[in-house]
Amino acid sequence: EPEVTQTPSHQVTQMGQEVILRCVPISNHLYFYWYRQILGQKVEFLVSFYNNEISEKSEIFDDQFSVERPDGSNFTLKIRSTKLEDSAMYFCASSEARGGGYTFGSGTRLTVV
Amino acid sequence: GENVEQHPSTLSVQEGDSAVIKCTYSDSASNYFPWYKQELGKRPQLIIDIRSNVGEKKDQRIAVTLNKTAKHFSLHITETQPEDSAVYFCAAGSNRDDKIIFGKGTRLHILP
Numbered sequence: 128e129p130e131v132t133q134t135p136s137h138q139v140t141q142m143g144q145e146v147i148l149r150c151v152p153i154s155n156h157l158y159f160y161w162y163r164q165i166l167g168q169k170v171e172f173l174v175s176f177y178n179n180e181i182s183e184k185s186e187i188f189d190d191q192f193s194v195e196r197p198d199g200s201n202f203t204l205k206i207r208s209t210k211l212e213d214s215a216m217y218f219c220a221s222s223e224a225r226g227g228g229y230t231f232g233s234g235t236r237l238t239v240v
Numbered sequence: 008g009e010n011v012e013q014h015p016s017t018l019s020v021q022e023g024d025s026a027v028i029k030c031t032y033s034d035s036a037s038n039y040f041p042w043y044k045q046e047l048g049k050r051p052q053l054i055i056d057i058r059s060n061v062g063e064k065k066d067q068r069i070a071v072t073l074n075k076t077a078k079h080f081s082l083h084i085t086e087t088q089p090e091d092s093a094v095y096f097c098a099a100g101s102n103r104d105d106k107i108i109f110g111k112g113t114r115l116h117i118l119p
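Heads up: the sequence lines are chains F and H, in that order.
Take the first sequence: its position 89, counted from the start at 1, is 216 in my numbering, and no numbers get skipped.
Take the second sequence: its position 35, counted from the start at 1, is 42 in my numbering, and no numbers get skipped.
Bound-form chain H, shown alone (with noise of 0.2 Å):
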């Protein structure tokens, strides 16, 4: 079955710089790439997500990038502010399974 991992598993950064969290998976089945972000006892919510057929895609201060053949996605975060401190999960999955897998999470700790 599909496995992700995902690193770092906690992050500083300064406000206003820039955050990148990197996730790998297994399946080469796997084609939507999803970014959740989860503050503390809150739900997963959706903040991008990407599909097999495109490399990147953007979304004001957020990007994720995709590479196929290596089997890695990344989500890049510019202009870092105070609100983004959160848990972000990576997820992968695909039209064959009726299910998406997450990685352990990131904990993103903007400085001030």
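Just chain F, with the same shape it has in the complex (with noise of 0.2 Å):
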């Protein structure tokens, strides 16, 4: 079964300092997502991205988010300058199509120490 993978999976980083988180989405899906997840709370959405652009995006995805797709077959989240407060679990998801149908990813472990 096609798999989203994500490297890597734990990321310990210094506060202020910048991270890049990897993606492979599955390779015919066309939309591209990140989550995060605060340990032990709810799935919360950052972002989405389709056609080479962002989608839509949260109110927790300010200016010191980016996501790119360099290439064709990999989709980054970059963190410019870490907050404490952003140590989470950061899941990538990718679907076929709109509105549905959301593979994601095992996930980074974000450390910010």
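List time: in silico EDC-like cross-link candidates among lysine to aspartate or glutamate, alpha-carbon distance up to 16 Å:
1) H:K49 with F:E130
2) H:K49 with H:E90
3) F:K169 with H:E46
4) H:K29 with H:E63
5) F:K169 with H:E9
6) H:K111 with F:E171
7) F:K184 with H:E9
8) F:K169 with H:E12
9) H:K75 with H:E63
Computed footprint of chain F on chain H, listed as stretches where at least three residues anywhere in the stretch have a Cβ under 8 Å from a Cβ of chain F:
10) 31-41
11) 48-62
12) 101-107
13) 110-116
These are computed hints drawn from the structure, not numbers from a lab.
Keep in mind it's a predicted model, so treat the numbers as computed, not measured.
Just so you know, even glycine gets a beta-carbon here, dropped at the ideal spot from N, CA and C.
Combine both chains into one complex, guided by the hints.
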């Protein structure tokens, strides 16, 4: 079964540093997403990406965040200057069509110290 | 924007009994309602979903019901087993939006 893969599985970074989280969506999927989950809480939407541009973003996705699809396979989330409260599990997801059928990656646990 | 409420936050049932988790949504444009199971430290995994053109969908021991008028949808697990213990999330989305919004989750414990 096709999978969404994410690297690294765990990232520890110092406050103020930049991090890049990487994802390889399922190859025939057209819609890509980032979600985050603070420990013990619900999964929160960050951003969606379609046709090489952001299609929707949440209030969480401020100027410190950016996404990119640098080539035909990778989808990245960059946090420019990490804060302690950015510590969370970050999930990438992809879907073939709008409005359904999401497949989530295994996540990157980001710890900001 | 869409708001999804989920109840209960924790549910304990005896092995073999049924479990029911309920969600409500606010946006009448929502037409896609997936349910995810998340085991500790792992990704959310889609277990069943329903679209607004049907009222009920079943897959073995799992069923989902949808009441569009009341904006309610529920997950039913019958003959529960120890491996059903996990956190379950409901979510809602629509063709209009490029996102799904999750409920806060229900921690299901199956008691031996």
